[in-house]
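Once you have looked at the hints, place chain A on chain G.
So the protein lines, in turn, are chains G and A.
Terminal number for the first sequence in this note's numbering: 367, no gaps in between.
Terminal number for the second sequence in this note's numbering: 220, no gaps in between.
Hints were generated in silico from the structure; no laboratory data involved.
Be a bit skeptical, because a hint or two may be false.
[As the list claims (entries may be wrong)] Below are the SDA-like pairs computed for lysine to any residue, each with C-alpha atoms no more than 25 Å apart in a straight line:
1. K38/A with N52/G
2. K107/G with P116/A
3. K107/G with L193/A
4. K38/A with K107/G
5. K173/A with Q187/A
[As the list claims (entries may be wrong)] Some residues of chain A that are not near chain G, with every Cβ distance over 10 Å (derived):
6. L49
7. G170
8. E171
9. M210
10. K214
Idealized CB from N, CA, C, for every residue including glycine.
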Amino acid sequence: MVGEGITARFEGSLGQFRLAVSFQAPNHGITGLFGPSGCGKTSVLRCMAGLNRVRGYLCIGNDVWQDENHFRPVHQRPIGYVFQEASLFAHLSVRSNLTYGQRRAMKRGGSNSVPFEEVVELLGLSSLLDRESAHLSGGERQRVAIGRALLSQPRLLLMDEPLAALDRFSKEEILPYLERLRDTLDIPVFYVSHDIAEVERLADNLVLMSAGAIQAMGPLGELLSSPDLPLARMPEAAMVLDGVVDRFDPVYGLTEVRLKVGQLLVSGNSGKPGSPRRVKVVATDVSLGRHPPVDTSILNSLPARVRAFEFNGPHQVTVFIALGENGEGDSLLARISHKSWDTLGLQPGDLVHARIKAVTLAEPRRH
Amino acid sequence: MGQTILLTLQLAVITTAVLLIVGTPLAWWLARSPAWWKEAVATVVALPLVLPPTVLGFYLLLLFGPSGPGGRIAEWFGAKTLAFTFEGLVIGSVIYSMPFVVQPIRNAFEAFGQRPLEVAATLGATPIDTFFTVALPLARPGFLTGAVLGFAHTVGEFGVVLMIGGNIPGETKVLSIAIFDYVETLQWGKAHLLAGGMLVFSFIVILTMMTVEKRLGRAA
Numbered sequence: 001m002v003g004e005g006i007t008a009r010f011e012g013s014l015g016q017f018r019l020a021v022s023f024q025a026p027n028h029g030i031t032g033l034f035g036p037s038g039c040g041k042t043s044v045l046r047c048m049a050g051l052n053r054v055r056g057y058l059c060i061g062n063d064v065w066q067d068e069n070h071f072r073p074v075h076q077r078p079i080g081y082v083f084q085e086a087s088l089f090a091h092l093s094v095r096s097n098l099t100y101g102q103r104r105a106m107k108r109g110g111s112n113s114v115p116f117e118e119v120v121e122l123l124g125l126s127s128l129l130d131r132e133s134a135h136l137s138g139g140e141r142q143r144v145a146i147g148r149a150l151l152s153q154p155r156l157l158l159m160d161e162p163l164a165a166l167d168r169f170s171k172e173e174i175l176p177y178l179e180r181l182r183d184t185l186d187i188p189v190f191y192v193s194h195d196i197a198e199v200e201r202l203a204d205n206l207v208l209m210s211a212g213a214i215q216a217m218g219p220l221g222e223l224l225s226s227p228d229l230p231l232a233r234m235p236e237a238a239m240v241l242d243g244v245v246d247r248f249d250p251v252y253g254l255t256e257v258r259l260k261v262g263q264l265l266v267s268g269n270s271g272k273p274g275s276p277r278r279v280k281v282v283a284t285d286v287s288l289g290r291h292p293p294v295d296t297s298i299l300n301s302l303p304a305r306v307r308a309f310e311f312n313g314p315h316q317v318t319v320f321i322a323l324g325e326n327g328e329g330d331s332l333l334a335r336i337s338h339k340s341w342d343t344l345g346l347q348p349g350d351l352v353h354a355r356i357k358a359v360t361l362a363e364p365r366r367h
Numbered sequence: 001m002g003q004t005i006l007l008t009l010q011l012a013v014i015t016t017a018v019l020l021i022v023g024t025p026l027a028w029w030l031a032r033s034p035a036w037w038k039e040a041v042a043t044v045v046a047l048p049l050v051l052p053p054t055v056l057g058f059y060l061l062l063l064f065g066p067s068g069p070g071g072r073i074a075e076w077f078g079a080k081t082l083a084f085t086f087e088g089l090v091i092g093s094v095i096y097s098m099p100f101v102v103q104p105i106r107n108a109f110e111a112f113g114q115r116p117l118e119v120a121a122t123l124g125a126t127p128i129d130t131f132f133t134v135a136l137p138l139a140r141p142g143f144l145t146g147a148v149l150g151f152a153h154t155v156g157e158f159g160v161v162l163m164i165g166g167n168i169p170g171e172t173k174v175l176s177i178a179i180f181d182y183v184e185t186l187q188w189g190k191a192h193l194l195a196g197g198m199l200v201f202s203f204i205v206i207l208t209m210m211t212v213e214k215r216l217g218r219a220a
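Only chain A is shown next, with the shape it has when bound in the complex:
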């Protein structure tokens, strides 16, 4: 059980980190670009919000399998497939949790408008300087929300993991799958422990987020 919890946290931490690195420039582009097709990109990012996880998992499975592009990528590492691996799980989670991270960051970038960036430019700051010293600090509440939602959402995912990860202890067996397993095998006590733990965890996460957000909002 300890191994499962550790693996879940590992998955969530790595996924959140990847999402912040990939999602920040994407959110910036969505917030600032004048491109007419950016809303199409935003829609693709938002798809996991409405798609059944099994649909996403099904396509990811095809993508990751030995005959899909994922399989060819996996060959570079000397593996046959990305499916049923931890790496595959990370990629799946990143896609699955993407909207929960990108959307709040994009909103935060849009909220402060063009003005602070113009001010920074007139004060001699280069665009990159402006991004790090003005845009990022002003969007802090959005980053907090995005990181917490992305983390929590990854911890709680089930359908996608089931489709592409399977149930390999130490490799792809995460909490939500373990709970399902315990229930299936009538180990109610262990299921209670994990389910109750998740409940408390989620409650604390959301409560902390709201409190911190309120404080950040006051400071700004």
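Next comes chain G alone, as it looks inside the complex:
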């Protein structure tokens, strides 16, 4: 059971709730734990932290935190935990909140691999340091809580719906910070959320949960585009594509983002050439045609192969396509009408041209 990844297995009852999960995740990047409310995502996270105890096994890298005979108590696990509510210590200033875990990690002889100044910079906390924690806004409090968790020098960061208790505005304020975090720090993150948009924006891997069990796990793109999973059936179904900025055309204000196969034109200047970018394409923004479009205002049209299809209610069809003449590129979803589907007469394996009406960008990734 020695390895570089994270191996977890939890089995048991927590109150009325029955949990039986087993999963592996890579020891880097953000792993999203996604599922409907009450499916046990938070319980999994709490079991990983040691806050709840059920039978199981947990191994981080080659460090066993729990097995049949051992259970490492919470305070001996090098974790950072961000709760849904910021839960700052009301009796301490922002600065003392931030250093609470850091001081204890140092005392235990930990290395200061996440220095105070870096966290303050990363999360934009310098103007908050000498304020009372009671006088911060919701978004500010959550940023301090994230900084506090990071400063405890964790080897694993656990985040339990850190944005769920915030209003839309504060969410948008924090998301860029989380993206910077993902791109600058080399700490594996488990991110619990019931909001697929957050997961699409942040996660590299996904663990899909339902009713106390794991439904699927794997790279985000694979799960989003799997015909066997409910994700592609959601009204807001979308795909995320990880590409690289090629160049910016200042005349038209468009950025070329190179994908595995083909490229997309995205409005706005989205970073230096060579920098990685994540774009999101919503299924309802993709239409299909047998022939390359002529005389159209749509900028992005890419050849693709039909992989599979699925009826989405009586009047809609979700078409699973793979970009490239031979379908060797990224997967995409297209949601088209039943009538269009019948008119086109498509079958799996057919060549199509995917016209993409809109491509949205996540914040610039920093490397």
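Relative to chain G, chain A alone:
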């Protein structure tokens, strides 16, 4: 009269100190333990709230007397009994004022819930570290209320003292007994002085407590 006031303050200070030391772990246990029988313990602690002090005093007298367990404890010090001694008075006061100290501290411990303790644990704090750096500071208003109530209540006790302490100047003669004495012996002037003093003292204590509590509450 000076000796009486001094003795009363001495009794109240020692009682409050003992109560904070004994009452804090008890309050913590009552607030956090999952034991089903903890409410029975809480009830025993709360009994002095409703029992007539004379009932409590009567049992304490039996307990402290030469043939009770208190008498045997007293033998270790070379005394015959705990009754009618300052030590006995301290023990009696501790029991009598216990609910006034334990209840506010327990409430304070319960008020902040499990979350801050979990946060501290995830930040690497041991349970003891968490208790001193998170639980105690967060429960500060409860400690203040408990200490003030325990102190004031000890200063004002009468029935229990009368039963187990008697009226020995310099040993067990405290304010409330002295007032009773002065009235009995028709020394109205001295009774007025002490009674009026108690009135002013109580007023100041409660006013201070409420003001400080409000300020602490705002800070938190």
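Checked hints:
1. K38/A with N52/G: This hinted pair holds, its Cα atoms lying about 23 Å apart.
2. K107/G with P116/A: Cα-Cα ~21 Å, so holds.
3. K107/G with L193/A: Answer violated: K107/G to L193/A is near 58 Å, above 25 Å.
4. K38/A with K107/G: violated (37 Å)
5. K173/A with Q187/A: holds (17 Å)
6. L49: Holds, since 30 Å exceeds 10 Å.
7. G170: Consistent with the label, G170/A stays out of reach of chain G, its closest Cβ about 43 Å off (over 10 Å).
8. E171: holds (43 Å)
9. M210: Holds, because the least Cβ-Cβ distance between M210/A and chain G comes to about 21 Å, which exceeds 10 Å.
10. K214: Nearest chain G Cβ is 15 Å from K214/A, so the label holds.
When held up to the earlier numbered hints, the structure conflicts with 3 and 4 and fits the remainder.
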